[in-house]
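**Student:** The residues making up each chain are set out below.
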Amino acid sequence: MIDRSVLLQFLFSGITLGSVYALIAISLVIVYNVSRVLCFAQGEFFVFGALTMIALTALGIPMWIGFLFTIILVSGLGVVIERLLIRPVQNSSVGTVITMTVAISLCLRGLGLLVWGREAHTLPAFTKSKALSIFGAYLSVQVLWIIAAAAIVLIIIWLFFEKTLLGMSMRACAENRLGASLVGINVWKTTLFAWAWGAALGALAGVVIAPLIFVRYISGTMPMLKGFTAIAIGGLTTVGSVIAGFLLGIMEAYTIGLISSEFADAIVFSVLILVLLGRSYGILGKAEDGGM
Amino acid sequence: MKKNLRWLIVLLFIALFPATLGRISPYYNTVLILVGIYVILAVSLDLLIGFAGQISVGHAAFFALGAYTSGILTAKHGLSPSIALLAGLFVSGFVAWGIGRAVLRLKGYYLAMATLGLNAVVVKLITGFASVTGGASGLLNIPPFQIFGLTLQDHTHYYYFVWGIAILVILACLGLAQSPFGSALIAIHSDEEAASTLGIDCPKYKLHVFVISSMLAGVAGSLFAHFMGFIAPDDFDIFTSILVLVMLFLGGVGTIYGAALGAAFLKLLPEVTYRFQNYELFFHGIILVLVLIFMPRGLLGILTDAKNRLLGSGHLLNPPPSGKELQPS
Numbered sequence: 001m002i003d004r005s006v007l008l009q010f011l012f013s014g015i016t017l018g019s020v021y022a023l024i025a026i027s028l029v030i031v032y033n034v035s036r037v038l039c040f041a042q043g044e045f046f047v048f049g050a051l052t053m054i055a056l057t058a059l060g061i062p063m064w065i066g067f068l069f070t071i072i073l074v075s076g077l078g079v080v081i082e083r084l085l086i087r088p089v090q091n092s093s094v095g096t097v098i099t100m101t102v103a104i105s106l107c108l109r110g111l112g113l114l115v116w117g118r119e120a121h122t123l124p125a126f127t128k129s130k131a132l133s134i135f136g137a138y139l140s141v142q143v144l145w146i147i148a149a150a151a152i153v154l155i156i157i158w159l160f161f162e163k164t165l166l167g168m169s170m171r172a173c174a175e176n177r178l179g180a181s182l183v184g185i186n187v188w189k190t191t192l193f194a195w196a197w198g199a200a201l202g203a204l205a206g207v208v209i210a211p212l213i214f215v216r217y218i219s220g221t222m223p224m225l226k227g228f229t230a231i232a233i234g235g236l237t238t239v240g241s242v243i244a245g246f247l248l249g250i251m252e253a254y255t256i257g258l259i260s261s262e263f264a265d266a267i268v269f270s271v272l273i274l275v276l277l278g279r280s281y282g283i284l285g286k287a288e289d290g291g292m
Numbered sequence: 001m002k003k004n005l006r007w008l009i010v011l012l013f014i015a016l017f018p019a020t021l022g023r024i025s026p027y028y029n030t031v032l033i034l035v036g037i038y039v040i041l042a043v044s045l046d047l048l049i050g051f052a053g054q055i056s057v058g059h060a061a062f063f064a065l066g067a068y069t070s071g072i073l074t075a076k077h078g079l080s081p082s083i084a085l086l087a088g089l090f091v092s093g094f095v096a097w098g099i100g101r102a103v104l105r106l107k108g109y110y111l112a113m114a115t116l117g118l119n120a121v122v123v124k125l126i127t128g129f130a131s132v133t134g135g136a137s138g139l140l141n142i143p144p145f146q147i148f149g150l151t152l153q154d155h156t157h158y159y160y161f162v163w164g165i166a167i168l169v170i171l172a173c174l175g176l177a178q179s180p181f182g183s184a185l186i187a188i189h190s191d192e193e194a195a196s197t198l199g200i201d202c203p204k205y206k207l208h209v210f211v212i213s214s215m216l217a218g219v220a221g222s223l224f225a226h227f228m229g230f231i232a233p234d235d236f237d238i239f240t241s242i243l244v245l246v247m248l249f250l251g252g253v254g255t256i257y258g259a260a261l262g263a264a265f266l267k268l269l270p271e272v273t274y275r276f277q278n279y280e281l282f283f284h285g286i287i288l289v290l291v292l293i294f295m296p297r298g299l300l301g302i303l304t305d306a307k308n309r310l311l312g313s314g315h316l317l318n319p320p321p322s323g324k325e326l327q328p329s
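Here the protein sequences come in this chain order: P and U.
Heads up: the first sequence begins at 1 in this note's numbering, then just goes up one per residue.
Heads up: the second sequence begins at 1 in this note's numbering, then just goes up one per residue.
It is worth saying that the hints were derived from the structure and are not from the lab.
For glycine and all other residues, C-beta sits at the position ideal for the given N, C-alpha and C.
Do not take every clue at face value.
Now the stretches of chain P that chain U is said to cover, found in silico as 3 or more residues with beta-carbon under 8 Å [claimed, not checked]:
(1) 107–114
(2) 162–175
(3) 181–192
(4) 215–228
(5) 256–267
(6) 270–279
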């Protein structure tokens, strides 16, 4: 019989992973819903967020300034990418668009390699205090930061999409780009905003997890794949993918802890395929056109 | 006639390479063997993406299945490589057949995500079952290829063998593309609903092209395993799938020749850019971005345009055979 505190420990690490996956998933979904582009460079925003923050902190800049600067910088990067690189191929085939986001990913990785080299970097914890002990399970303070950041950001996103004009126009674009433009919404401006959001959220995920992991210029692939899994389970909706992100994180933590750490990823990605297949047969929601 | 002459020159170049330039530096033979293997991968993916319009970002999964089936059967069970190659082809095709019907119901990004997931699962399983596959540290001591009792000993042998198969694959894919089968695929690509109203059994055709494409990737995998003598899961991860996709779109999609050209270009590019060391990755990204924005028909499109301009023959005088210039809609 496995100790209850151990199970609780797995739950904590699951929620930690889940927060990160939820942030990446929602960043993918916002970009996808507004611009109909699934960005294969999303993992690079994660890496750039983490590595920029690490570099700024290493320069002795206070963390909250570094944090703001990192988020603004990466969201600016997202805007530039949308305007210069995605828009010219926006109306091409899905294959061309995917290849373009892959090309962007290569460029960003190349850039990351030039700036940060091949080494792994990590960030000091946001605050230096001892891990808390809850029912015999340890909870590091950084984990609280991660969960708090995810919760605050999710509330901000909700307010933004429900209450602000820009947020509502983004939802209108997600619903129907042509219809949105007919009622006077500037679709391109809205798309730019979606990319700014997407890049910023990807960066945020990287920044908050950076103290717990080692980040290299190629570290973006796995988080991106987990994000894909979450949005596939969540059916490309914002709420669905956030829930799926948390579930995925918790499932992964328990799989690693209780079943097998070697096969955890294989199991997670099998879930991705099974969910998609279920979807293709009309189980678990409608088999949407997937952006064709 | 002129066209045949051009291909004759290309073939002659390929045939004479080891005896001329390849002799100066055997290293280039190695590079060109890998080019040949990637040509098979890219061309087979073109059947699926360029003709049938089904986006796969998991082609390396079948590359892996071919390589590991062949590698395990020869290195651990002492089977003859030519039988192992057929086994690799069979396993790749069988897995594609098993999952194909369900996976191919998905479209666009969902299909892309599912194939990506498939690739990740295959790599993780290979890494996980270390007792069979050698795990993350790789599968060692894969014997060289033998055919009709002849062992392929040096790189020149492999060169001819791999390129012989690559050219066969190109010809077979061209033949398929121009056959009624290919026309059906193009019909599915342009409009699946319209194709089914015309009586085309879309699920069947999509499944068939998926199986064919995967079997060819399996052959490439088997050749890779025997040539390298050592394979590791990293050789087949998602990055490899993405690389093949990039080759295809770089060269020009839906043309077969374009895929081959893209594979050759992208595999040979590092030979030029390696001296820039850390800038290499960045350059590759930039080149790809530029091609996608400014030359949507890929490198083959540039070559055809340049030829037409030089020889002064417009498109109207030289209409492309149906299907060959097909662009994805």
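**Student:** Take the hints in turn and mark each one as holding or not.
**Tutor:** Okay, the hints, checked on the actual structure:
1. 107–114: Holds: 7 residues of the stretch 107–114 of chain P have a Cβ under 8 Å from chain U.
2. 162–175: violated (count 0)
3. 181–192: violated (count 0)
4. 215–228: Holds, because 3 residues of the stretch 215–228 of chain P bring their Cβ atoms closer than 8 Å to Cβ atoms of chain U.
5. 256–267: holds (count 5)
6. 270–279: holds (count 6)
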